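**Student:** Listed below are the residues making up each chain.
Protein chains: 2
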Amino acid sequence: MNTADLGLPVAVPSTALFTDHYELTMLQAALRAGTADRRSVFEVFTRRLPEGRRYGVVAGTGRVLDAVENFRFGADELDFLRRQGVVDEPTLAWLADFRFRGDIHGYPEGEVYFPGSPILRVEGSFAEAVLLETVVLSILNHDSAVAAAASRMSVAAGDRPLMEMGARRTHELAAVAASRAAYVGGFSSTSELAAGFRYGIPTIGTSAHSFTLLHDSERDAFTAQVDSLGRGTTLLVDTYDVTEAVRLAVETAGPELGAVRIDSGDLLLMAHRVRAQLDELGATRTRIVVTSDLDEYAIASLAAAPVDAYGVGTRLVTGSGHPTASMVYKLVARAESPDPAAPLVPVAKKSLGGKTSIGGRKWAARRLDEQGVPEAEVVGTGEVPAELSGELLQVPLVRGGEILGREPLDTVRDRHLAARSRLPLSAMQLSRGEAVLPTEYV
Amino acid sequence: MNTADLGLPVAVPSTALFTDHYELTMLQAALRAGTADRRSVFEVFTRRLPEGRRYGVVAGTGRVLDAVENFRFGADELDFLRRQGVVDEPTLAWLADFRFRGDIHGYPEGEVYFPGSPILRVEGSFAEAVLLETVVLSILNHDSAVAAAASRMSVAAGDRPLMEMGARRTHELAAVAASRAAYVGGFSSTSELAAGFRYGIPTIGTSAHSFTLLHDSERDAFTAQVDSLGRGTTLLVDTYDVTEAVRLAVETAGPELGAVRIDSGDLLLMAHRVRAQLDELGATRTRIVVTSDLDEYAIASLAAAPVDAYGVGTRLVTGSGHPTASMVYKLVARAESPDPAAPLVPVAKKSLGGKTSIGGRKWAARRLDEQGVPEAEVVGTGEVPAELSGELLQVPLVRGGEILGREPLDTVRDRHLAARSRLPLSAMQLSRGEAVLPTEYV
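Going line by line, the protein sequences match chains A and F.
According to my numbering, the stretch in the first sequence is residues 1 to 442, in order.
According to my numbering, the stretch in the second sequence is residues 1 to 442, in order.
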């Protein structure tokens, strides 16, 4: 069955309409001109990182593989295209049989990237490769933007766990993908059930202010919560007066109280006060969770505070100021004729207003210095220099239409944490700066 | 059948897991405490508009209604919750029977809003109303953010049509909702096929740079496109040299050429040059479409240029700097006991660090001055003053679980354009400023 997993409780048919109209009109014109089956190479890259960022994080690759596998035009899709006159009958007939049979290579998911890094390379006929443009970019641009923000937050948090809580501040399905990307970037858990359902990410949460307000008193609310969720629960202590609530929380749950959560106010000040009060009450193992409009800077500013975990919402799911990764999908080489044996010719748009592309099918490697620390992202079109042949970044993801590159999300997360930790130390600075590795073209 | 329409080629089951874990643990604790069926009123509002914005745009209400209708826990969802130990068996049993049976009122979709405007009010038992929090906020926060950006762009564009082209820069399903929200805000069309499929929004598009690069020459590419799509097509003229491409475009298609598209460079300069060249070549009716990283300011800067249509991508789907509308869903009143006859009591969290809420079930009206121009957003909790009773903003959307408020998207779009045009003229300024109407609480 032709199904796509979109983070829903069930799979649903086809990703083929997550596509711009012009991909299909180009297909129609190329079919008619006899150029649709020219062998073509498209590459995904970004011309620059978001201002001040030191590195990017490849995320969404696993979702791209699902989208490619399920990119089929069924009866409903074809009827729509016919009814709207999007394309002609020969094109509809071609689409009815379509499945991607080309090759895809790319940076493994979780890897870091820099301006010009060819993070995905799609090869096949022009027809089959051009069709994937929109959905591939949608996924990579969204997921990589969230993962990059998550990674910076995770650097700022150090060993303290980060909880993703942003579902309410982004589109309901973008939220599921955002939880996944946040996990890749170093988060530990999510508030959102669909992300737990789909990706097995641990879900967390206990109560909101509304639960306290529902009851006749804070005492009633805390008692109700502890009765139901146990003493290990997290009580929200900033509905009325924090000091009184902390006192009441320990009185209600005892020193076994799992945690208290603070969701407003001066978190630095409050964390110190609440820690002192908890310790005084004997609740020395009760943890403090903070969750109020955090970003990487706010997290870093709490490094010396007695905080045990951070919950992050809005700023995470919106990429902390950069909600899209600005990746593009460009034709970089194609054959001169539909003859399958015709050689590939590099192509590129002429630069105008900074929209530079470099033609040619590219390899990429990360050059190490004598200490084994990466010193440059090397991108080339010709022979790979012998000294770089062990440092190549791209791996096969799809071969002849067959999906090869699926892997568990924990593998992806571990890869990211490892790749990040190998970077020069300045990559970990939150302050604005240039990409931590220069990109060299050879 | 229990299905939800998410902008996909087909409907899929249930929106119930687009929900934060804590909604369910609160439900469990309240069920056990006997407080779950206390009559409760939740309201959706925002504490402030994005910095500098003059008004907000309510968008997503129609999608909220679909989400509410399809918020059901089926076997897959319940199995997941049981397996993960999210809630206990009595709660699972309660969820298995759940459907929302309460009432929802709200600002009609497309209406403008201001800080504190109660744009949605959900009434029912605490249990049924709290469950909807996450998905309601996801939808309204995303869609309203995009619609607000679209509305400003549409003000800047005046009578010239705006085309939404941002699918590749946002999550693949957020893209479908973004097209819808952009249409509400005043856009005319979308590049994305799924948005055409789901919402009947006109889809547009012809070709990308890759199509030109695929062919042996620009002439071959233009010929292929015109042969297939007709002389009325839009040719992309900035792959190599714009002047040469415009010459070639008119030579290929004749003066009947529909349009040329410029996607890079200095658009103001280029538009003037290209217009002069087209006129000189006799292609006086060939239109000029521009599409390079536009936002409301870039659109406004082209007001005096000979541009016929704008295509907007990244900045639209990311809310032009404000990708979420920062709406919250707050318990504002609840009964003191589960007795259905118990009166409602206003409740509110104590203000701490600016998180102000005002308790009580609210009405809202837009007070007009003597000229009939709105002068204030009036929000109140008591009796509606007689002079405002004709200006009330909220309408019934759901009654006893039955969806009342469905309407065609064109009705919503027309409502927005009318509501916007009634605002004081300063609402149309792009420059930063305060909300164009003050919010008064009575």
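Simulated from the structure, these hints should not be mistaken for lab results.
Take the hints with a grain of salt, since some may be wrong.
You can't tell identical chains apart in this list, so a pair holds if it fits in one copy or across any two.
[Claimed, not checked] Straight line, CA to CA, 20 Å or less: simulated SDA-like cross-link-like pairs of lysine to any residue:
| hint | residue 1 | residue 2 |
| --- | --- | --- |
| 1 | Lys-350 | Ala-271 |
| 2 | Lys-350 | Asp-279 |
| 3 | Lys-350 | Gly-230 |
| 4 | Lys-350 | Ser-301 |
| 5 | Lys-350 | Arg-361 |
| 6 | Lys-350 | Leu-417 |
On a predicted model such as this, the values are computed, not experimentally measured, just so you know.
**Student:** Hint by hint, note whether the structure agrees.
**Tutor:** Now the hints, each set against the structure:
In this homomeric assembly, Lys-350 and Ala-271 come within 20 Å of each other (Cα to Cα) only across copies, at 18 Å, whereas the closest approach inside a single copy is 56 Å. Neither within a single protomer nor between protomers do Lys-350 and Asp-279 lie at most 20 Å apart by alpha-carbon distance, with minima of 66 Å and 25 Å respectively. Taking CA atoms no more than 20 Å apart as the test, Lys-350 paired with Gly-230 passes in neither setting, with 65 Å inside one copy and 26 Å between copies. In this assembly of identical chains, the alpha carbons of Lys-350 and Ser-301 never lie at most 20 Å apart, being 46 Å within a copy and 25 Å across copies at closest.
With identical chains, the CA atoms of Lys-350 and Arg-361 are at most 20 Å apart within one copy only, with a shortest distance of 17 Å there and 60 Å across copies. For the identical chains of this complex, Lys-350 and Leu-417 are neighbours neither inside a copy (38 Å) nor across copies (40 Å), given an alpha-carbon limit of 20 Å.
Going through the hint list in order, the structure does not satisfy hints 2, 3, 4 and 6.
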